[in-house]
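J.: Chain by chain, the residues:
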Amino acid sequence: MLHTVLNPGAVGEVSSICDAHIKAYRIMLLARVLDDKFASLYRMGKMHGGVFLGRGQEALSASVGLALRKGDIFAPLIRDTAGRLAFGEPVLDAVRTQFGSPLGPMRARDGNVHRGRPKEGLLAMISHLGAMISVVNGALLARRFKGVTGVVGATCIGDGATSTGAFHEAVNQAAVENLPLVLIIANNHYAYSTPNERQFACRSLLDKAVGYGVAGQQVDGTDLSACLGVVGDAVSRARAGRGPQMVVASLLRLCGHGEHDDASYVNSDLRAAPVGRDCLKVAEETLFRQNWANAAAISRWRHDAVQKVEEAVAKVQREPNPDPYKEDWCALASKHLSEGNE
Amino acid sequence: MSITYLEAIRAAQARALADDPRVFIYGQDVGAFGGAFKATKNLAIEFPGRVIDAPISEDAMLGLAVGAAIEGMRPIIEIQFADFSTTGFNQIVNQAATLYWRTNVPCPITVRLPSGGTSGSGPFHSQSMEALYAHYPGLIVMTPATVEDAYSMLLEAVAIDDPVIFCEHKYLYYHLKAEALPTEAMPVGKARIARAGRDLTLVAYSAMLHEALAVAEELVSEGTEIEVVDLRCVKPLDTDTVMASVARTGRLLCVGEAWPWGGVTAEVVARVAAEGFDLLDAPPQRLNAKDTPVPYHPALWAAHRPTARSIAAAARRLLRL
Ligand SMILES: Cc1ncc(C[n+]2csc(CCOP(=O)(O)OP(=O)(O)O)c2C)c(N)n1
Ligand SMILES: [Mg+2]
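Protein sequences, first through last, are from chains A and B. Counted the way this note's numbering counts, the first sequence spans residues 18 to 359. Counted the way this note's numbering counts, the second sequence spans residues 6 to 326.
Chain A extracted, bound-state conformation (with noise of 0.2 Å):
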């Protein structure tokens, strides 16, 4: 089911370069117009429980999905709609998720962007934060147990995150086993409404990789082309054999911590900085300037990703509601060992 939106890989030489970028544009945008469909959903009193959004992280996110083959291990986290969609994640999976339909892949049990098809290689994050990078190690040394070589696991978290004690252990366990876990940081320089300043005091986050015996390398997240290269390396490098993988981006997220969030604690001078450029039309201004693509190709593909959103939200927003009587309220796979319930 995975990998039928694109085929990801395969971003190659010069020629190439030009497809590479219009590629990821349209993953970004399509990220883009579904995030800002969820919002204004959102907004109407249409959505349960919250709405998470990576609008000006789709640069970043999206280099990482489409670096990634089918038979890699994804696992992304809250502002990853476009990483998921580049790595293949139907949209469907995605609206179905949010509005909880039984017949996305959560089945309603699970929401907004607690969603993944662990069976194809993406996984399902739960919200503890930094939970998620041993797990990609475990599948990536199942793959070493199965003979498996050449894959990657990418997983991708915030500056925040960098602060769990969970992320500490399983960076330096990939270390230690040399695994090819690419682990992308996205620095958006708030963890919530908490900064850079109150989260770490190292000059550069870069400094946790040195510390654990880790490659690392910076990027702008805010341009996709730096993006697309340094992201890419990594993934290549990992692939190569050649150990763990840490990428820090330093961007901001142009919007609210959820949509309930109105993101009034960014300092105004961080917003109106280089890093506070919105990645989308930075990577918009780079088409037109490479003359890659005009005014018209983009309106275009804006008007094809309206229309598969639209059509997506319209099919789901008919589909049933979960039925508690239909669930068999059931949390072990060996049926016949539950107690059932009441």
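Simulated from the structure, these hints should not be mistaken for lab results. Be a bit skeptical, because a hint or two may be false.
[Stated by the list, open to error] Below are the DSS-like pairs computed for lysine-lysine, each with C-alpha atoms no more than 30 Å apart in a straight line: (1) A:Lys332 - A:Lys136; (2) A:Lys163 - A:Lys136; (3) A:Lys63 - B:Lys182; (4) A:Lys63 - B:Lys46; (5) A:Lys325 - A:Lys54; (6) A:Lys63 - A:Lys325; (7) B:Lys43 - A:Lys63; (8) A:Lys352 - A:Lys40; (9) B:Lys43 - A:Lys54; (10) A:Lys136 - A:Lys325.
[Stated by the list, open to error] Over the 10 Å line for every Cβ pair with chain A, so calculated as not near, a few chain B residues: (11) Asp34; (12) Ile61; (13) Thr103; (14) Pro128; (15) Glu184; (16) Ala190; (17) Val225; (18) Pro265.
Every residue gets a Cβ at the ideal spot worked out from N, C-alpha and C, and that includes glycine.
Knowing the structure of chain A, use the given hints to seat chain B with the ligands on it.
T.: Below, chain B with the ligands alone, put in the same frame as chain A:
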């Protein structure tokens, strides 16, 4: 003037900070932002340097609290959602809970856990963890169900010389209102008869108290008088008040939002069965959430947790036994 459950929690913290220089608050986003739920709104301004933003490091947050307590401070730790206390679990159950017993040095920390389910919150922002913490010796576990208790019990939690797990229910934050803050309070560890009755004892705590009260009201029209007991604190558990009520009614139904295996309701039923078997006219009953993670979709969530409807059905069944 009316005050919400959440405002009461904020007011209690303001008062604790004002009354006792040993008190400080530590948690993610609790400073200038005022906390994810605004339970510490403006406190960083009113009490400069004493309401401190923590990194996303629950283990270190709890460990720091223990260290500060050893030095005589009275830290209040806000965990953003109760569910995330699992990453600080080790420090709570192995460090805080054992300190006094091992060293004779008390550990007066308060851990605030925004607990319980709200619609659409899913498996990781909905958990009720009181039973887990109550299981460990060395901890006090409070589960206030009213605005008044949220205020007075939080003040008591800070004053007590032991680690207190303060389970405040998110569902009550904005919905529940009182006219004013209380000026007096029942002692810690005392349950309360929230409504008197003679036909059945319905024991509840936290948000389930309000479902229980609704059931008691509903069954009046069926000629049934339900006595509702609000446990207030699940450890220590006020067995005496429960037992005295069962002595009056002869029937026990205990309701909890947490999972069914073990836990508070099982403890209540076990105690009443063991110590008050001859008071019972029917087998003691309990009702809990279903034995799965808390589901995301509101339709599933409503069926997962006990509600006035399912409690009323259980009460009617018990009355027929
Ligand atoms: C272990 C843990 N503690 C607390 C939280 C609550 N929480 C959810 S998101 C968040 C901020 C995350 O910040 P960051 O890692 O920088 O990611 P961003 O939201 O900025 O993308 C917090 C504190 C959590 N999910 N997990
Ligand atoms: Mg961040």
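J.: State for each hint whether it applies.
T.: Now the hints, each set against the structure:
no., hint, verdict
1, A:Lys332 - A:Lys136, "holds, 25 Å"
2, A:Lys163 - A:Lys136, "holds, 15 Å"
3, A:Lys63 - B:Lys182, "holds, 27 Å"
4, A:Lys63 - B:Lys46, "holds, 29 Å"
5, A:Lys325 - A:Lys54, "holds, 11 Å"
6, A:Lys63 - A:Lys325, "holds, 19 Å"
7, B:Lys43 - A:Lys63, "holds, 24 Å"
8, A:Lys352 - A:Lys40, "violated, 44 Å"
9, B:Lys43 - A:Lys54, "holds, 28 Å"
10, A:Lys136 - A:Lys325, "holds, 25 Å"
11, Asp34, "violated, 5 Å"
12, Ile61, "violated, 5 Å"
13, Thr103, "holds, 20 Å"
14, Pro128, "violated, 6 Å"
15, Glu184, "holds, 29 Å"
16, Ala190, "holds, 33 Å"
17, Val225, "holds, 26 Å"
18, Pro265, "violated, 7 Å"
In this structure, the earlier hints numbered 8, 11, 12, 14 and 18 are contradicted, and the remaining ones agree with it.
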